[in-house]
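Just add 9 to wherever you are in the sequence shown, counting from 1, and you've got my numbering.
Quick caveat, the hints were computed from the structure, so don't treat them as lab data.
Any given hint might turn out to be false.
No more than 30 Å apart at the CA atoms, straight line, and that leaves these computed lysine-lysine pairs for DSS-like [what the hints assert, rightly or not]:
{"#": "1", "residue 1": "267", "residue 2": "60"}
{"#": "2", "residue 1": "267", "residue 2": "161"}
{"#": "3", "residue 1": "60", "residue 2": "161"}
{"#": "4", "residue 1": "165", "residue 2": "90"}
{"#": "5", "residue 1": "267", "residue 2": "156"}
{"#": "6", "residue 1": "60", "residue 2": "165"}
{"#": "7", "residue 1": "60", "residue 2": "156"}
Computed from a predicted structure; not experimentally measured.
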Amino acid sequence: MSLLSAVLLLVRGLPLELAIAVARIFTLIYLFFRHDYRREIEINQRLLLGKGDRWFWLRNGWCIGRNLALMSRLGTPTGNKLIDSAVIYRENIADGSVQPNGQSAYIMVSFHFGVWEFLPGIYRLQGQDVAVVTGDMRDKKFNRLVKRLRSKTGVKLVNRTRMLIERLRRSGITGFMLDNTARGIRIQVVLDGVTFRIPALPFAFGRRCGCSVRPVFCYWDHGRLRVQVFQPESPEGCIRALLQMVRERPAEWIFWGKAGAIS
């Protein structure tokens, strides 16, 4: 069972403050017994931030534990209140692809940064037709759990190429995760001396369907969800946006479980 699966199952029924405390403790204990992940955190910190701190995993785990507890509220009244009060920077995303029928399609990409699972629900609340491109996860129980959580927010799941092409031919937002470790064709981006290997799919379909690709991030700050939307970007631009956000808020990104994706 994955960390995220265990935390979601453990804290979903608890009051939010207690859920945050339990998730933080659980995440820190998990990392304490995962020397390989602590080592990966230190290596990736050096690569992305230019410095290493052997104790950074504590701050990272503390922040990620809170974020996992917050994401356990997806599809609940508490989660809906968090979405209602979200602050969006650069809210206008109206420079996507205009189809012959006058509708607009957008590709938005994100990373395992902050409280990323809230992003689809936030845009759906704004009246957007939102879908997320997914693949089956190794943890089947967690796979079913996440699908249920996403479906409660009214977000559609896309897991076939034909479904993806059909979506990009009409109005709506289609989201991808760029720092996942799923198999598939990847492209290599070198930026600031760091090599990133990211899925090629969103950029390939963006070119094919004439859709711009926009990086977007969601994080928790001063008791509210905040969303940062960047201008349409190339693969290099998307990684540049990630580096900017990680350097501003390093503890928000999941630094581990990315073997082979960064070097």
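Checked hints:
no., hint, result
1, 267 with 60, "19 Å, holds"
2, 267 with 161, "29 Å, holds"
3, 60 with 161, "41 Å, violated"
4, 165 with 90, "21 Å, holds"
5, 267 with 156, "22 Å, holds"
6, 60 with 165, "40 Å, violated"
7, 60 with 156, "38 Å, violated"
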